[in-house]
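> We have chain A already, so just place chain B on it with the hints.
Residue numbers (this note's numbering), protein chains in the order written: chain A, 1 to 114; chain B, 1001 to 1112.
Take every hint as true, because none was put in to throw you off.
These stretches of chain B come out as covered by chain A in the derived footprint (C-beta under 8 Å, 3 or more residues):
{"no.": "1", "segment": "1036-1048"}
{"no.": "2", "segment": "1103-1110"}
Chain B residues, not near chain A, derived (Cβ > 10 Å throughout):
{"no.": "3", "residue": "His1007"}
{"no.": "4", "residue": "Lys1058"}
{"no.": "5", "residue": "Ala1070"}
{"no.": "6", "residue": "Gln1081"}
{"no.": "7", "residue": "Pro1082"}
The set of hints was computed from the structure by calculation and includes no laboratory data. Ideal Cβ positions, reconstructed from N, Cα and C, are used throughout, including at glycine.
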Amino acid sequence: DAGVTQSPTHLIKTRGQQVTLRCSPKSGHDTVSWYQQALGQGPQFIFQYYEEEERQRGNFPDRFSGHQFPNYSSELNVNALLLGDSALYLCASSFPDGGSEKLFFGSGTQLSVL
Amino acid sequence: GENVEQHPSTLSVQEGDSAVIKCTYSDSASNYFPWYKQELGKGPQLIIDIRSNVGEKKDQRIAVTLNKTAKHFSLHITETQPEDSAVYFCAAVNNAGNMLTFGGGTRLMVKP
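The following block holds chain A by itself, in its conformation from the complex (with noise of 0.2 Å):
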């Protein structure tokens, strides 16, 4: 059983360009969400996708947009890139059960921005 999914693992950009990041969640799971992790910090919550909506948002901002799938998989875009973007991007899934406070995390996406 695969567990999240993320793609690409590494990308370097430059300012002002735009960006996607990909992620599959774990088989069963619905609920996606995604986290920012700046160096040597804990993760930050940027949002989170449940049946193709946004169903909360972090402090971020409107550069920052998500999209999820019928499949269940998403994305994560980044217009007009600004040096203090780069950080490990982090997908996390969860169970259908209600809660989905049990997040699984896949192992990033590393984005530079030169």
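For chain B alone, kept in the frame of chain A given last:
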């Protein structure tokens, strides 16, 4: 919103010793407290969790305690081994269960 503080930021112990990591949270409505272990180049892995209606939970060498009144919870690792070396994160979850708020992390180093 919720704020989670974690201490210490680094912890070095000798193999076989115990390690304790402490966290405090601010939102009394938080009701679920997971702990994650993150190894280099990997995503966080859930190692143990506790709900607000329980005071203590144990799983082999790992235990977690929760004091709702004081709004703090702790991770205890006994008989530490070199493979326990990693960064550990505590987190708290709101009532809706939609968002984890993480602590700043503790880098645990277990010396052989």
